[in-house]
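Residue numbers (this note's numbering), protein chains in the order written: chain S, 1 to 201; chain W, 202 to 326; chain V, 327 to 971; chain L, 972 to 1266; chain R, 1267 to 1413; chain H, 1414 to 1775.
I should point out that these hints are in silico values taken from the structure, not numbers from a laboratory.
Predicted, not measured: the structure shown is a model, and the values here were computed from it.
Incorrect hints may appear among the rest.
[What the hints assert, rightly or not] Restricting the straight-line Cα-Cα distance to at most 30 Å, the calculated cross-link-like pairs of lysine-lysine (BS3-like) are:
| id | chain 1 | residue 1 | chain 2 | residue 2 |
| --- | --- | --- | --- | --- |
| 1 | L | 1001 | R | 1272 |
| 2 | H | 1416 | V | 751 |
| 3 | L | 1240 | H | 1594 |
| 4 | H | 1729 | W | 289 |
| 5 | W | 254 | H | 1594 |
| 6 | H | 1749 | H | 1602 |
| 7 | H | 1729 | H | 1699 |
| 8 | S | 63 | S | 109 |
| 9 | H | 1443 | H | 1749 |
| 10 | H | 1416 | H | 1749 |
| 11 | W | 254 | S | 128 |
| 12 | H | 1416 | L | 1240 |
| 13 | H | 1699 | W | 289 |
| 14 | R | 1370 | R | 1411 |
| 15 | W | 209 | H | 1443 |
| 16 | S | 23 | S | 109 |
| 17 | H | 1554 | W | 217 |
| 18 | W | 265 | W | 217 |
| 19 | H | 1749 | H | 1729 |
| 20 | H | 1749 | S | 23 |
| 21 | S | 136 | S | 63 |
| 22 | S | 133 | H | 1566 |
| 23 | R | 1411 | W | 305 |
| 24 | H | 1749 | S | 136 |
| 25 | S | 120 | H | 1699 |
| 26 | W | 229 | R | 1272 |
| 27 | V | 490 | V | 418 |
| 28 | S | 49 | S | 128 |
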Amino acid sequence: MGFATEFTTITLQELPELSNQRKADGWRFVQLLAVNTDAGIDLIYSFMKDGLLVNSEIKGVTKDQTVPSITNNFLAAFVFENEVHDLFGVNIEGIAIDFGGNFYALAQKEPMTIISPEQKAAREKARKIAEAKAAKEKASQEAAPSEQPAPKPEVEQVNLEAKLAGMDPEKAAKVRAAMEAKAKKEAAAKKSEAKTDGEGA
Amino acid sequence: MGAFKLGKMTISGLFKQPETVQYPVQTKTPPTGLKGHVTNDVTQCILCGICQKRCPCGAIEVSKPNRTWSINRFRCVQCGSCVRECPKSCLIMEPTYAPCSTAKHVDVFEVPEHHKSEDVIKTSE
Amino acid sequence: MATLGMLWFLILFPLVVAVVLLAVRNNQARNVIVVASAIVIGLASLFLVAANLGVDYWKPIPMASPLVVDIICMVLGVAIAAVILYFGIKYKNTLACVLAAVQVVGSLVFELMFAHNVEVTECLYLDSLSLLMAFIIGIVGSGICVYALGYMEDFQAHQPEGAKDRRPVFFALMFVFLSAMFVIIFSNNMMWMFTGWEVTTVCSFLLIGYTRTEESLNNAFRQIVMNLIGGIAFLVALYVMAIEMGTLSLLEFLQLGIMYPEMVALPACALALAGITKAAQMPFHTWLLGAMVAPTPTSALLHSSTMVKAGVFLLIKLAPIFYLSQIPSVMVILVGGITFVLCSFMAISQSNAKRVLAYSTIANLGLIVACAGVGTPEAVWAACFLILFHAIAKSLLFLCVGTAEHHIGSRDIEDMDQLFQRMPKLARFMMLGIMVMFIAPFGMLIAKWATLVSFVEMRQVALIVMLAFGSAATFFFWGKWLGKLSAIAAEPDNVELSVHKSEWGSLLLMVVLAILSCACLPLISQAVVDPYIQSVYGTRAADIQFTNQLLAALLAIVVIIVLFAGVGKQNKSKQAQVYLAGYSANNEQRVFKNSLSGTTEATMRNWYLEGIFGETRIRPVGEWVCGIIIAAAIIISAFGTSVIF
Amino acid sequence: MTILAVLIGTLIFAVLAPILGCLLAGLDRKISARMQGRVGPPLLQPYYDVRKLIEKDDVAVNGTERVYIICALVFTLIAGGIFVSGGNLLMCIFVLTLGALFFILAAYCTSSPYAQVGASRETLQVMSYEPMVLFMAVAFFMAVQAILGMGSFDVRAVLYLDVPVITNIWLVFLGFLFVLTIKLRKSPFDLSYSHHAHQEIVKGVTTEMSGKTLAMVEVMHWCENVLFMLWVALFFVWGNPASIILALVVVAVVYFFEIWIDNNFARVKWQTMLTSAWVVALVAGGINIAFLAYL
Amino acid sequence: MSYATKSPWVIHYDGSSCNGCDIEVLAALCPGYDVERFGIINTGNPKHADIFLVTGSINEQNISVVQEIYNQMVEPKVVIACGICACSAGIFHDCYNVIGGVDKAIPVDVYAPGCAVRPEAIIDAVVQGLAILDEKSKALKAQKKGA
Amino acid sequence: MGKATIIPFGPQHPVLPEPLHLDLVVEDEKVVEAIPQIGFVHRGLEKLVETRDYNQFIYVAERICGICAFGHSYGYAETVERLMGVEVPERAQYLRVIWHELSRVHSHILWLGLAADAFGYESLFMHCWRLRERVLDIFEKTTGGRVIFSVVKVGGVVRDIDAAQLAEIIRVLEGIKQDYKQIMDAFLKDSSVMNRTVGVGYLSFEDATNLSMVGPFARASNVPYDVRSLGIGAYGSLSDFEPIVDAQGDCYARMKVRALEVLQSIDIIEEMIARIPSGDIAVAVKGSPADGAEAACVVEQPRGECYYYARGNGSKNLERMRMRTPTSQNLAGMVKALEGCDLADVNMVILTIDPCISCTER
Ligand code: SF4
Ligand code: SF4
Ligand code: SF4
Ligand code: SF4
Ligand code: SF4
Ligand code: SF4
Ligand code: SF4
Ligand code: SF4
């Protein structure tokens, strides 16, 4: 038996159908996970049969949408559905063993949806890299992609401001201070990282 | 089925030397590479800060202005990545674990000035 | 002659009171009458006991059977049958009707055709056993009557609006019942005894059916049917006695029996059957369980600490015959032993306090029956003490349960959590009652000990085995109840302040009796029980050395002091929380956080071991085995008798 | 037997039993440890434990618990006293049972879920071993009767025997050894509370006890254990003083055997305990007694 | 020396440990190190314990549990934080549901570092804890006498 | 009849090595209802990917749990390697399997010990842990740590095991095997143990498949699923691998499956050691996972299949890292198996899924 993974995208409406189908065909429920993205929460349902691991992804579920529970078919999902509800704030309806938002006692509500400055920065950086890469590729086909220069602090600043606009002023100030320190460190770190990466081989 | 399946082992236990390491009277000889605690051979350290950056716990703090290298042993998880990443190989994983204490503290090492260090940075730049 | 007067007084006075009570409808007046007459009866019986303490001889009181009494007996017999027939027809119970008809015809025929030929010269008698019984009936029985006053008031208050107040009948019945009991224990003339026997049956029938609910009627009929069977057996014995032996005197019968044990096998078996039905032994034990629907605890109490005692009383009287006569002895021993062990087992599976008490009653009666069956002096000694302690402790317990029921609204043991705090005094009384029932150094266990010794000496292996297992079960069901009561937690409401004075009075009486009887065990042995044994067997019997009795009494006093003076106080230690796995919500009240983020109270339910000791498993076994034993014994003895004659 | 003798016996027992019991417990832990391939605590560890418990702060769930425990301890000592003074074996058993009842009540009175479940189990344990213990006493009586011609429950009767009672009642002795494991609270019958191995009911009966109360419980168990060993010895003593040595050897062997059992069994559930103890009692006790009765 | 030091009974609670430290605590009780040599017994019941071994860090949900167990222990008592998580929350210190080391919930007497904490370290920590236990025990005695 | 006995079970409870709470409703010690609650160990470590780069996060990953710590670092590395398309040198793959199987040996023996403790067999518990100590010694000698090793890195491993040490491992394992067989006898043939395990906590094959159970828990209900048979990494080079299954479905079967897996693992280790190739133990890993790249992988932990998922965002920090551990999958089966067992069996049944709350909640 070999092992293979597959990623597919489905819509929210197709979920019950998928769950029924998988049940009928004797697939094993592997897991449910959520990823917080700008567009909403991605839900990934994984099923497995004969070494084939299929991950079906529902992109960008928003707060006002309700996701039907699949515990009618796969009871084992109750753990993950409760978890996704508590940590990501996804509304899941009809969980067989529903802890009603008390699966975890948490300091913050829906902690996984809070976009930390680090995550923000990382996404930003990734976007820059991607942009730069695209630009480079366009500019010259023969050059192999190489290390990017560190993102310009100004650009980051702009982005940050945009993000902070919505926050309450006190918090925003804090974040801003943190970001400044972060940016400075980042700049220093970028250099050392480049170096060690080179030496690591 | 049957009883006293462990009978032989329990009886023979009476006549055998127990396998207990009678610490602290007796100590095991630490094998090489035992993850005990991290120390810094400060004569080599160039305060580059790589260890600080690599540490997944933020247990190390390198201060260039004060010329100190400090480690919070109550935060270090002995992952050894600082040791592996230190460019000067001045970090050593000692095979003895950090002592217990009634209060948490940070171990601070003063890093003396040494000329060579400047060269190293230059060459590697 | 003074004694004779006393006996008559004890028999007749309650009857008079009963008649008066029937007429009185005023609560106040009834209270006064009941209390006063109870005191009179109590004092009279006390006086009787005091005056005759240490009678170690048969004390037949010469008095020819007055014709009046015979006629009264006959009339009563007919009246009883009439009552039963009336209810039997009214509620369409054919079996009861048939049995009643059989009985009334049988007894009429007997009296008209045979009884006249037999002259009984001493109709009443007195010995130490009767004294003991008189003490129990006079003190415990009348104490119950007093208790019933307060109890029935609450009971009436709980009844639906406009329900008929039948309390006059109720109290009249109680006193008739007392009178009938006195008749049973004092009569040498078996005819009289039989009449008293039937009167108790009917009184209890009426008391059980008091509420006239379907359940109570069913149970009342079960009682009457079973006891009529016993009555008919009694009648059979009378026939045999009159026809074959030409006597109706208990004393003569016993003397004859001792001389010719084979000859009396059949009447002994028949009388034993009568005793067994009355003492609610398997397979007839269900009537006593059914009796528990009667107003708690009044009639239950009559049944448990007095009426059933009539059955064992008769059997103990017959003990010397059992000692010599094989067949009835084996039957009584086995039925008693099996009843003891199986009912002790079944008590484990009960959570209704009254049913536990009922099973325990049946079990203990079983033990007494077995002792009677063994028939040695030692066994009889033990049986006497079993009767005494059982009567006192059980009535105390029934009273406690009744009072608790009225104040916590349930007779379920599961609802008696923390009674120790909710009803501090009552709980201690109950705990004392329970301890007297099952644990050394208290009376019941000392008596059981004597039982064991007598069994060992008689090499009754089966009985030893049954006793050992039955006692173990006894420990379990009492122990767990005791535990329920003793629990302490934050439960501030003391709900016992509204208990009636009359109830406290009777409770206190029982407690004092219980304490005295335990503490004075050696004295009672010497003053009452030993003389009886001496009179019957010509030897002294106590199997338990005096020092051991004394030691037991001393220890009992220690425990009582601890119970009433030692426990329940806050000492100087700091208050600690109980361990709730680190997840308390309100530790004082044993409330913890639950899985769904709410709170739950940690509660404790006793064990019932339904799968092992459940009624449905055990009952059929007991009923069949005992039924077959009885049938076999009677058939064999009947056959044997016919061969002899 | 006079009350005075019991009193003196109790005093002697109260002094000696804790000392012997403590040493026995220490030995037990030492040997168990070795059976488990480890070193184990010092011999006097039980003594240190109790001393420590006495030093602990005085804390209780309610004031009643300790009263019950004091009673339990006192009755255990009296039971020992009755035995030591050569008194009635049945009385000794009954008084010990009274002690057990108070121990159970102490647990119930706390209204702690774990202590109460422990108490229920303890009650069940008493129910399980009680028949066999009674049979032991009965068999003792009958054995004395068979040897002397006159039965007696008195412990001191052994002094007049010319053969030990074991000769007549070895089957009962075996049955008694079986329930002894329950009484000693050893695996597989350590249901109500266990000295070791973690239990689903925490510390069962003793869950709520601490400090001095717990210390008393420990001492009580030492005394109980000594008393049980005396019971064992009873089977092997006769008129000859040398028999005491034999009895001591047997006691040592029996105790060692119990330790070994303790280290070789999983804890059973109550169903198994109840049925096995009763079956053993019925078979060992019943047969042996029947034998004595009809032969 | 008070007897407290000769019979230190422990209770272990797993705060939000990764199990690494838990099993080392258990391992210390097992033949490999056999801390019963010092009279240590793992009681599992706060009422019987003198030393509280906590592994793992404190979070929203277990803080009350740790506090309750601590409160139910009878004086004199000592708390030992076993492992980095218990000392300072270590690698998890910036997790959203982690409050911090055990000292955020109850007073800690000895910190035993290590990830996972080694059985030897636990033994060392207990030995250090015994000195503290002894002091507390003496203080309690003095206070009792005074009262 | 009357009310029920309601007992709070955990979070602090001597038989639960980890915090877990149950509201237990029992009658005569028979469990009528058991509602579990977790959440006492939840730290939220998946979110740490935002502050640790993918190299550092491996130290977080192995601290998901200290028992199969190695498995987590291995699974994590494997997933990230898939994400970034890194080819791991063969020797490193073999070394990973050796350590991983050693972890299984230690974990199963540990579990057997805990099981023995659960049914009140203290000396058996002690002997299990005595043996386990020898496995830990191997770890200490080869990795420098007893329970958490930090020997895996993305791209390979950080330490090699030299030939002498490999021989030593074989020697120690043979020694363990001897003692272990006696212990296994006690588990599988001792009547008092069987009395406590046979028929307890039954889970049928249908239930096990319907509930998607994994690991020994499922295999004891005859579900022949073992990730190792998928042949990921060096497992692919095993001469033969058959998952150990048992049809009995009760606690005894689960014990048996685990007990036999210890021997199976020892065989695997021996085979790996015999065939280990020489060569590098790591490759250099450069760059960052691409934005939006996804990878998933499964690893057979001692407790069963563990699922890993990683998503990159173009930076050195992952966008999302997720582990679904065997315990969280098996919780549903545990609730099912608890139905109608005795109070005394509760800890036994809970233990037979070998719960690791730590990794369930992360
Ligand atoms: S100079 Fe080089 S070594 Fe020093 S901090 Fe900068 S990058 Fe690191
Ligand atoms: S030890 Fe704490 S501060 Fe340091 S990196 Fe880890 S989580 Fe952060
Ligand atoms: S060993 Fe690991 S945790 Fe400790 S200081 Fe070094 S990098 Fe940090
Ligand atoms: S990495 Fe090495 S040289 Fe650099 S600061 Fe740390 S210890 Fe010093
Ligand atoms: S408590 Fe119940 S049974 Fe008693 S009188 Fe009131 S209603 Fe009737
Ligand atoms: S408490 Fe636990 S670890 Fe300690 S001896 Fe008992 S079973 Fe073993
Ligand atoms: S210190 Fe390390 S081993 Fe201990 S609990 Fe924390 S992460 Fe786990
Ligand atoms: S399954 Fe358990 S042992 Fe394995 S990693 Fe998870 S928590 Fe640890």
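Next item on the list: Compare the structure with the hints numbered earlier in the document and write down the numbers of the violated ones, lowest to highest.
Entry: 5, 14, 15, 16, 18, 19, 21, 23, 24 and 28
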